[in-house]
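Asker: Here the protein sequences line up with chains A and B, keeping their order.
Take 1 as the starting number for the first sequence in my numbering and just add one per residue.
Take 1 as the starting number for the second sequence in my numbering and just add one per residue.
The hints are simulated quantities; they were obtained by calculation from the structure and are not laboratory data.
One should not assume that every hint holds.
[What the hints assert, rightly or not] Lysine to aspartate or glutamate pairs mimicking DMTMM-like chemistry, simulated, CA-CA at most 20 Å apart:
1) Lys249(B) to Asp252(A)
2) Lys217(B) to Asp77(A)
3) Lys249(B) to Glu132(B)
4) Lys2(B) to Asp51(B)
5) Lys21(A) to Glu38(A)
6) Lys249(A) to Asp252(B)
7) Lys217(A) to Glu277(B)
8) Lys217(A) to Glu37(B)
9) Lys329(B) to Glu277(B)
10) Lys86(A) to Glu199(A)
11) Lys217(B) to Glu273(A)
12) Lys217(B) to Glu37(A)
13) Lys217(A) to Asp41(B)
14) Lys21(A) to Asp111(A)
15) Lys2(A) to Glu199(A)
16) Lys21(B) to Asp77(B)
17) Lys114(A) to Glu199(A)
18) Lys217(B) to Asp111(A)
19) Lys83(B) to Asp325(B)
20) Lys2(A) to Asp41(A)
21) Lys249(B) to Glu310(A)
22) Lys21(B) to Asp41(B)
23) Lys217(A) to Glu273(B)
24) Lys217(A) to Glu140(A)
25) Lys217(A) to Asp252(B)
26) Lys9(A) to Glu170(A)
27) Lys217(B) to Glu281(A)
28) Lys2(B) to Glu37(B)
29) Lys249(A) to Glu310(B)
30) Lys86(B) to Glu277(B)
There are 2 protein chains.
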Amino acid sequence: LKVDCNGAKRDIRALWFSGRKLMMIDQRCLPHRVRVEEYRDHTEVATAIRDMVVRGAPSIGAAAAYGMCLAAMNDSDLLMAAKVLKAARPTANDLFFAVDHMLTRLSDGEDPVKAANAYADTIVNRCRTIGENGAPLITEGGRVMTHCNAGALATVDIGTALAPMRVAWEQGRKFFVYVSETRPRLQGMRLTAWELQNEGIPYAIIADSASGFYMRKGVDLIIVGADRITANGDFANKIGTYEKAVIAKALDIPFYVAAPISTFDLSLPTGDEIPIENRGEEEVIVIEGHAIAPAGATAFNPAFDVTPHEYVTGFITEAGILRPDEVRKIGGSDGE
Amino acid sequence: LKVDCNGAKRDIRALWFSGRKLMMIDQRCLPHRVRVEEYRDHTEVATAIRDMVVRGAPSIGAAAAYGMCLAAMNDSDLLMAAKVLKAARPTANDLFFAVDHMLTRLSDGEDPVKAANAYADTIVNRCRTIGENGAPLITEGGRVMTHCNAGALATVDIGTALAPMRVAWEQGRKFFVYVSETRPRLQGMRLTAWELQNEGIPYAIIADSASGFYMRKGVDLIIVGADRITANGDFANKIGTYEKAVIAKALDIPFYVAAPISTFDLSLPTGDEIPIENRGEEEVIVIEGHAIAPAGATAFNPAFDVTPHEYVTGFITEAGILRPDEVRKIGGSDGE
């Protein structure tokens, strides 16, 4: 993750452990300020996850793993810590996966820091492999569209949906990225645009509802991330993903989902069983501190939607590209 | 158009003529402030159209008609005034229709104020008829979705897409409206929500990209306005309309377009010939004076998209509900 820190280019992760503290970029301050905050116990980490200091399913998982690490170092009750962390947000599978993973490792007597660092390193390595597996889909001169931020910020480093773009760019291919702004929190405009700009990859921000306009003009490939993928190949991702998938199908545009195996939840048969987080209406009707809607207005704010498997061309994973009907094959693996 | 003016409920139009001045609600100040501005010549009116003090195809037409009226009263060159007004915005057919209509009336020696008032009254009467024609589509307990603002503000009074809702509400039916916020200028959140709230009709604002989520949950009817409708039944409307139409078709949700005959442009065979206005990128990346995107970011900002006729269930007009293949039937009429 390339960042510009006081004029110097640095390559850092979205979160990392230093001494007895978890360090995390406060993603709410981007793109204008790279502010790194310190966290000393698991309750602080749970709050940071809830308040979206850190967001993106794999980064949430890594933050939770470090939260469990802090709980162990502070001699907190591990089962209680697991409960607090798991309650921070409801949709991303990685959160539960990471906490359970750390519980197992810690009960096996493993060193907490080593175990949490290994968890984060594994995510980054998987993202690299996802990038390598997905890069051939991006052709010279191609027009790629993505939604929200499934970049380095969302995955400790490298990204899921952005990983194939990073690798294709490193391989010297030129292409163009349409970044949908991703209301209400504007993670596309704030975070994905910032990551692409730091890499030098050409892009344009568009209103979410201009996606169909540009798809109709000509988009070669859509890649998004996922928060949870179920056994039948349905998946949850940022609100607005479903719309892009439906339009892509109507226009015969390949639609790919990039995600590590830890995002797959084979315990759920279909996407209908994924709990969808409803966030506060202020996220929609108050922008940058300004109330936009008329006084007394009501707003609904589902954070995610579910896209049925029939709209997915393939899942780009560290184990290769899977068709939706191949998702069940990964059963038995816990993603290790 | 019910407004709350210093605590008193009033019923006014979005624009009206008073003395030798055109009065227009500055729609950019809504919903927080009802500010009425005065215009004394056609160049001021053209600027107001360009800067979106007034917006919505029929209201733009009425403003232009009053602009021609002012030009006549001020003894300005009428052909020059027509040119200036027509250049204000490129997509809405009503603008050209209204200016040409006034040129004919004025060259026939008609009184300018009388002619412009008649033009505005005709719009309002047509909207009332559109409302009556469309109201039976809204059933008790129904869930209706709309996009942008095709309400009283957009059409002098009553509205096009909102007209069937107003009439159904007057008839005593209860229903619920999903209002998509309509980035980048948020006319749904600012204007449609404000109109519905003033009428007492229950609604919720949603992010544009949550439309698909709620359509999948259950929406019974979508009604939008139009800026131009071509001979084959394609139509241009606010960016994001195309997306809703594609998703509605995938989910078998009836998708209606409410527009007066003046919005039909039978001189264009298909929607591909409609000029689409591209507006400045600041509308996307600067919100309420705050720059959101990273410094140096690029944004694209098409104001409209074209929806192909195969996605339209029907056009709700003052002449009844037309199927797309019936649009050609209205040829020969100039909408009078």
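Asker: Could you run down the list of hints and mark each one as holding or not?
Answerer: Verification of the hints:
no.	hint	verdict
1	Lys249(B) to Asp252(A)	holds (16 Å)
2	Lys217(B) to Asp77(A)	violated (41 Å)
3	Lys249(B) to Glu132(B)	violated (25 Å)
4	Lys2(B) to Asp51(B)	violated (24 Å)
5	Lys21(A) to Glu38(A)	holds (6 Å)
6	Lys249(A) to Asp252(B)	holds (16 Å)
7	Lys217(A) to Glu277(B)	holds (15 Å)
8	Lys217(A) to Glu37(B)	violated (39 Å)
9	Lys329(B) to Glu277(B)	violated (28 Å)
10	Lys86(A) to Glu199(A)	violated (34 Å)
11	Lys217(B) to Glu273(A)	holds (14 Å)
12	Lys217(B) to Glu37(A)	violated (39 Å)
13	Lys217(A) to Asp41(B)	violated (40 Å)
14	Lys21(A) to Asp111(A)	holds (15 Å)
15	Lys2(A) to Glu199(A)	holds (7 Å)
16	Lys21(B) to Asp77(B)	holds (18 Å)
17	Lys114(A) to Glu199(A)	violated (30 Å)
18	Lys217(B) to Asp111(A)	violated (47 Å)
19	Lys83(B) to Asp325(B)	violated (33 Å)
20	Lys2(A) to Asp41(A)	violated (28 Å)
21	Lys249(B) to Glu310(A)	holds (16 Å)
22	Lys21(B) to Asp41(B)	holds (8 Å)
23	Lys217(A) to Glu273(B)	holds (14 Å)
24	Lys217(A) to Glu140(A)	holds (18 Å)
25	Lys217(A) to Asp252(B)	violated (25 Å)
26	Lys9(A) to Glu170(A)	holds (18 Å)
27	Lys217(B) to Glu281(A)	holds (19 Å)
28	Lys2(B) to Glu37(B)	holds (18 Å)
29	Lys249(A) to Glu310(B)	holds (16 Å)
30	Lys86(B) to Glu277(B)	holds (14 Å)
In terms of the numbered hints stated before, the structure departs from hints 2, 3, 4, 8, 9, 10, 12, 13, 17, 18, 19, 20, 25, listed from lowest to highest.
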